[in-house]
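Chains as they are written, first to last, in the numbering used here: chain S, 1 to 338; chain E, 1 to 411.
Worth double-checking, as some hints may not be accurate.
[As the list claims (entries may be wrong)] Using C-beta positions, here's what the derived DEER-type ranges look like: (1) Gly79/S - Val314/E: 49 to 59 Å; (2) Ile368/E - Met16/S: 44 to 54 Å; (3) Thr272/S - Gly313/E: 56 to 66 Å; (4) Leu107/E - Ala8/S: 46 to 56 Å; (5) Leu361/E - Leu258/S: 43 to 53 Å; (6) Arg208/S - Val375/E: 25 to 35 Å; (7) Ala194/S - Met223/E: 35 to 45 Å; (8) Arg205/E - Val3/S: 14 to 24 Å; (9) Val326/S - Leu389/E: 37 to 47 Å.
Calculated from the structure, these hints are not laboratory results.
Every residue gets a Cβ at the ideal spot worked out from N, C-alpha and C, and that includes glycine.
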Amino acid sequence: MSVRVRLALLAVVVLMVLVGAGGYVLRVQQRQAAAVESATAAPAADLASVVAGRHLVFRNTVLGGGYGRLAVVPLAAPGGPRALTGVSCERVYAARRSAVCLSARRGLSNTYKAEVLGPDWTPTGNLPLTGLPSRVRMSRDAALSVTTTFVYGDSYAAPGQFSTRTVVTRVAENDSIDLEKFQLFVDGKRITAADRNFWGVTFADHDRFYATAATGGRTWLVQGSIAGRRMDSLRGDVECPSLSPDGTRIAFKKHGDLPAGQWRLAVHDLRTGAETVLAETRSVDDQAEWLDDGTVLYGLPRTSDAGAATSDIWAVPADGSGAPRVLVPDAWSPAVVR
Amino acid sequence: MYVSVRDRPGNSADGRAGRVATTVVLLGVVSLFTDISSEMVVAVLPLYLTAEVGLGYLAYGFVDGLYQGVSAAVRIGGGYAADRGGRPKWIAVAGYGLSAVSRIAMLAVHGFAAVTAVITADRLGKGLRTAPRDAMIAASSDPAMLGRAFGVHRTLDTIGAVLGPLIALALLALVPGSYDSVFVTSFAFAIVGFAVLLLFVPNLRTGAANARVGFRRVAREIMGARLRRPMAAAALLGVLTVGDGFLYLAVQQRDDLTAALFPLLYVGTNLSYLALALPLGRLADRVGRARVFVFGHVALLGAYLAAGGQFGGVVPTVLVLLLLGVYYAATDGVLPALVSRLVSDEARGTGIAAAQTVVALARFTSAIMFGSLWVLIGRGEALLVVGGLLICALPIAWLLLRGTETRRVTT
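The shape of chain S in the complex, shown without the other chains:
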């Protein structure tokens, strides 16, 4: 082949990929624009009146100007019109008149923030973060907050291993402590191994909490005391626990013998130790939330018709019966405010 022929061929290839990739991106952009138009036409609820009652706080993933913003719906009509706030979060948790918002600003370097929001959704303080935030919780009275971050680089040495940092903060005093500083007891034996990891805290009261502890490739449900600076194991194979409103049960992610990176939702009864696997058969990687004492909420990702990443909040009965249903479409990271 002469140089001229090869140059012509290269020009054809470049042209083809330009048209192909450019056309693809443009088509996605047009569909997104169309989706935005239809979304802005949707009715909106009044923020103040929704927040006054029992409501659900979540991240809105309807395409358009409100994408990524915090939204609320009344618990009485979760599928109905939503009210948008002005704040954008990747993940949220909320109590009455307060919320914690994990946000990411994308750029040359991604920046992450964990902000405590006041009653009017404006930041009142920052929680410490040391990496990619993945879980956030707040105690019901908003006095305690906790964030779990995946620490960069700690996974560098050994493939398949990771490190998390979970920090509990007394919001009013801005006083934080890393769970790694707590003593860990598994079946009564003190564990001092360096590969201890903690994540997915759920608060029971001002002092007691439940969390996941991992060491040596196994995970446990632990019960901890902030004042006592210690955690004790309750049972194995529990990730991302979430305490029911009546304080009797824990909803959690169970790995079992599933392939790596897959979990099933289950409920552990703290009184009897019994385990109930829920009716959701898809893999759930989320810290569950309780709608009420009989229903568990969680997010599942989905690719929208417009080709963008979205997600839905699903609900499933906590007793293993029934079937999962979409509670709020195009939503993520549910927090129930009672």
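Mind docking chain E on chain S? Use the hints.
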């Protein structure tokens, strides 16, 4: 001072005369496009896996480990296949092609196992192509200008690595949440790189044109006396090489740097590497590759001190990035330049691959050991201990390496 009058690389010219071969520039352009393509995916992978596929960050750690680990395994195979066939281009074509196809496969996969498989395919492609590509660079260059040739290639390669994430982020700003657009565009860049390789890179015939190179022969050569000492030196220095990830973490912990700025550290090192790859490659041609290779590790030692020392702030941090860039520029392209002169043309691909694998394995060992040391005695102390060991190892490495570039003539 060690003085050699014979065949010091660059002795014939002062390292300035002549130009880098067209093949080298073409391979650099191929790498540039391929790196844009792969770094686009790497940049959005954590967000994609968590936001769309729905994996936790924890599972991402697993994928990340996989990403780092797979390519070392097939590297020697790629090098040997290139030598055996005597046509490294076709092995490189297979490697680049496999990676390109894996991009478009990302569109179809949704799930942990599928994503892992696709990423493994991409890394297999990278492992396969690296050694044949470096062998082609060596084969098409004037031996006296190998350092410069690798410098030019690595510069173009790193430009791609800097551009990739920027393009990906620009795309996500244009079409929020559309990771598929990123994969399609990444595939487009990979195709352009692939087309340049296929259409323009000459199908160089390396080694014995007719006789196939036997495995024994190649094995004998890479285990042989010529490579033994430089390999030992590379392994010794590699074991004392603390991965940049750890150095960044050390800086982050000391200065309480926010996670926000963390990725900027990678960008800083890349820019420094980018600026220095060519000058240091030229320097290697002039003063000797072994010397520059060892010098690179002196810079690394400096980076340990800057990262492990008591003084925090902007200046030591920038110093760490600068010195890491010097280290990469003085070693990454210089090592294949060094090795390719020590093996016969027939075994060049395997020789380069073997040296790169030795370094990769040594660094992996180092990462595990350093990780434990960090936990045991803490950040600064661990760095100082490894730095102390590196000070002891540097003269040994120099003794092992210094004869290599003259021995070629005497044997």
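Hint by hint, which ones does this structure get wrong, listed from lowest number up?
-> 4, 5 and 9
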